[in-house]
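*Asks:* Dock chain Z against the given chain H, drawing on the hints supplied.
So the protein lines, in turn, are chains H and Z.
Using this note's numbering, count along the first sequence one by one with no gaps and you end on 155.
Using this note's numbering, count along the second sequence one by one with no gaps and you end on 761.
Derived from the structure by calculation, the hints contain no laboratory data.
All residues carry an ideal CB built from backbone N, CA and C; glycine is no exception.
Some clues are possibly wrong.
[As the list claims (entries may be wrong)] Covered, in the sense of this in silico footprint (three residues per stretch, anywhere, with C-beta under 8 Å from a C-beta of chain H), are these stretches of chain Z:
no., stretch
1, 431 to 444
2, 447 to 458
3, 664 to 676
4, 700 to 714
Residue strings, one per chain:
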Amino acid sequence: MAYELNGTTYEHDEEGYLADINVWNKELAELIAKEENLDMSEEHWEVVNFLRDYYEEYQIAPAIRVLVKAMKKSFGPEKGNNKYLYTLYPYGPAKQACKIAGLPKPTGCV
Amino acid sequence: MSEAATVEQPLSVEDFYDATVLPDPCEIPVIEPGAMADSKPYEAAPEFQKALGFPGELVDDWHEKAIAKLGELVEGSRALRVYLDTCVKCGACTDKCHYFLGTGDPNNMPVARQDLLRQVYRKHFTVAGKYFPWLVGARDLDEEVLDQWYSYFHQCSQCRRCSVYCPYGIDTAEVSMAAREIMATVGKGQKYCNEIIGKVETIGNNLGLQKKALVATLEDLEEDIEDETGVAVKIPVDKKGADILLVTPSADFFAEPHIDGLIGYAKVFHQTGASWTISSYASEAANFGLFIGSNENMREVALRIRTAAQDLGVKRIIFGECGHAWRVAYSFLNTLAGPFDFLDQNYPVPQHICEYTYDQIEAGKIKFDKSANDHIRLTFHDSCNVARGSRMGDTPGGQFEIPRTIIRASCNHFFDMAPDTIKESTFCCGGGGGLLTDDLIELRKKGAQPRMRALQQVAQDHGVTHMAAICAICKTQFAKVMPDYGFDMDAILSVHQLVSNAIILDDAKTDQPEAGDGDNAQPAAAQ
Numbered sequence: 046m047a048y049e050l051n052g053t054t055y056e057h058d059e060e061g062y063l064a065d066i067n068v069w070n071k072e073l074a075e076l077i078a079k080e081e082n083l084d085m086s087e088e089h090w091e092v093v094n095f096l097r098d099y100y101e102e103y104q105i106a107p108a109i110r111v112l113v114k115a116m117k118k119s120f121g122p123e124k125g126n127n128k129y130l131y132t133l134y135p136y137g138p139a140k141q142a143c144k145i146a147g148l149p150k151p152t153g154c155v
Numbered sequence: 235m236s237e238a239a240t241v242e243q244p245l246s247v248e249d250f251y252d253a254t255v256l257p258d259p260c261e262i263p264v265i266e267p268g269a270m271a272d273s274k275p276y277e278a279a280p281e282f283q284k285a286l287g288f289p290g291e292l293v294d295d296w297h298e299k300a301i302a303k304l305g306e307l308v309e310g311s312r313a314l315r316v317y318l319d320t321c322v323k324c325g326a327c328t329d330k331c332h333y334f335l336g337t338g339d340p341n342n343m344p345v346a347r348q349d350l351l352r353q354v355y356r357k358h359f360t361v362a363g364k365y366f367p368w369l370v371g372a373r374d375l376d377e378e379v380l381d382q383w384y385s386y387f388h389q390c391s392q393c394r395r396c397s398v399y400c401p402y403g404i405d406t407a408e409v410s411m412a413a414r415e416i417m418a419t420v421g422k423g424q425k426y427c428n429e430i431i432g433k434v435e436t437i438g439n440n441l442g443l444q445k446k447a448l449v450a451t452l453e454d455l456e457e458d459i460e461d462e463t464g465v466a467v468k469i470p471v472d473k474k475g476a477d478i479l480l481v482t483p484s485a486d487f488f489a490e491p492h493i494d495g496l497i498g499y500a501k502v503f504h505q506t507g508a509s510w511t512i513s514s515y516a517s518e519a520a521n522f523g524l525f526i527g528s529n530e531n532m533r534e535v536a537l538r539i540r541t542a543a544q545d546l547g548v549k550r551i552i553f554g555e556c557g558h559a560w561r562v563a564y565s566f567l568n569t570l571a572g573p574f575d576f577l578d579q580n581y582p583v584p585q586h587i588c589e590y591t592y593d594q595i596e597a598g599k600i601k602f603d604k605s606a607n608d609h610i611r612l613t614f615h616d617s618c619n620v621a622r623g624s625r626m627g628d629t630p631g632g633q634f635e636i637p638r639t640i641i642r643a644s645c646n647h648f649f650d651m652a653p654d655t656i657k658e659s660t661f662c663c664g665g666g667g668g669l670l671t672d673d674l675i676e677l678r679k680k681g682a683q684p685r686m687r688a689l690q691q692v693a694q695d696h697g698v699t700h701m702a703a704i705c706a707i708c709k710t711q712f713a714k715v716m717p718d719y720g721f722d723m724d725a726i727l728s729v730h731q732l733v734s735n736a737i738i739l740d741d742a743k744t745d746q747p748e749a750g751d752g753d754n755a756q757p758a759a760a761q
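Chain H extracted, bound-state conformation (with noise of 0.2 Å):
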């Protein structure tokens, strides 16, 4: 189970999470995001880029809540809650959102 790109694989496994996640980069971010049906725009950028910072500081995924405040204030009410998060990312802006990113998949009852 890996993805191949420019000639390199990347383990990840059964569900598609990266196996170590400091082999990230942002074209292998693209290929993820293109085997779960998704087209990177820059809200969807936002969200990835945001969880990768809050990651780097507090080793998980924030709460939907803390990830909905952030986006508000990026890009306004309008797009700033949970609605709008599944519309980016339809299978759960936590656990999709971190496959893209490159993290550990949230676990437990989430």
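*Replies:* Chain Z only, in chain H's frame:
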């Protein structure tokens, strides 16, 4: 043609029924043998298995090991032995399982699913099965059977609805737990549960949320509450000497609508002047050790709560909205991690947040502006482990009435779903028992069907717009599957979210002395 032809025709009988009669939640489906035979969760990787004391992968002598483990289990539990011996195939359970109703797969009739294990038990542990296997439906555990176990014992959410209808009271959940325990023991564990249990045992919660992130999240939440209400409601972490330790599912720190429930608990504690804290060491109510049938792992998770309570010097433990956690807490906590003689015995050990809030309402300590929930027409989903595995308060049925009393106190428009789908007959959300994982999404959607049909009925009959629950699994599951049944994902609410919306907060109640804290017993002595 008469003039009547120009008048709008009444609906035909067929159209009338099509338009107004929704399918019965309990409607028996057409049988589809093998429909779900391919439904299987991912197996746990060696690292997740080993961390819990199980072999990394399927061991070579798995057959012998599995039979030996089954022998050990029936020797150690007379109850399990009775469940395996006593079924007479009366059929009362056949149409009681939400997974059978949703999938039509006959192996999801509880009797058939149990028989996957029972046939092996008969073969090895009964005289008739040893010598005349063909007469009593005995069969050895071969690869095909093991495969069926892995598939179908992960299509039981251990909700125990079938047990309510079984004339012998056979507890199917125990059979599923035994099968899962045997599989984990021979190296065939489930990824979702085992990875999560490992995180609780190392980090303290299902999410893997470290203290730094927990504190940041809760500080952020405090700011939000103050911005919204003008009141400095606190959510303390690791506060030594607090009276109450709140143990809540870590989903309450992360997901929607769970986090709105957490805000509700905090507001209730604030308004009643309670001294409370969350522990970063035991920052999880959930105990997936139950789901995989592993007493050892269940104990290890439970012991963290004991350790946290002692380290922080609390007098009481209160559990947040989490279904199976409350079953483990109410029914097993003392056996697993007791005695809790260091806690204040004037209060229930442990207590449910709904019991706490209910007592405060009864004592007149909290008041509501119910109009704050007037945009909501509500129904309530009884979570299976609360409904059938525990109780609240000190009267029978308290686990049904206490949440409903809180709802009625905070919300003007409340309507119950059909009687055969609530209280002790409640349907599982479709994601309980360790099945709330993306690799089982098809099963989860199908398993939600009976509950969703009951909801569609009250939506049609009473204009119900939202459903509340007191279980993190139920909330996540419904948020995920509701859009498939015509509801918004935010139509699922936390019970304490309704409390949060409607509670009337006074100013400056935080950190006051405990004099005001007096739910159903004497106030705890001051330190």
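*Asks:* None of the hints should be skipped; say for each whether it holds.
*Replies:* Status of each hint after checking the structure:
no., hint, verdict
1, 431 to 444, "holds (count 7)"
2, 447 to 458, "holds (count 6)"
3, 664 to 676, "holds (count 3)"
4, 700 to 714, "holds (count 5)"
Going down the numbered hints, you'll see the structure goes against none, and every one checks out.
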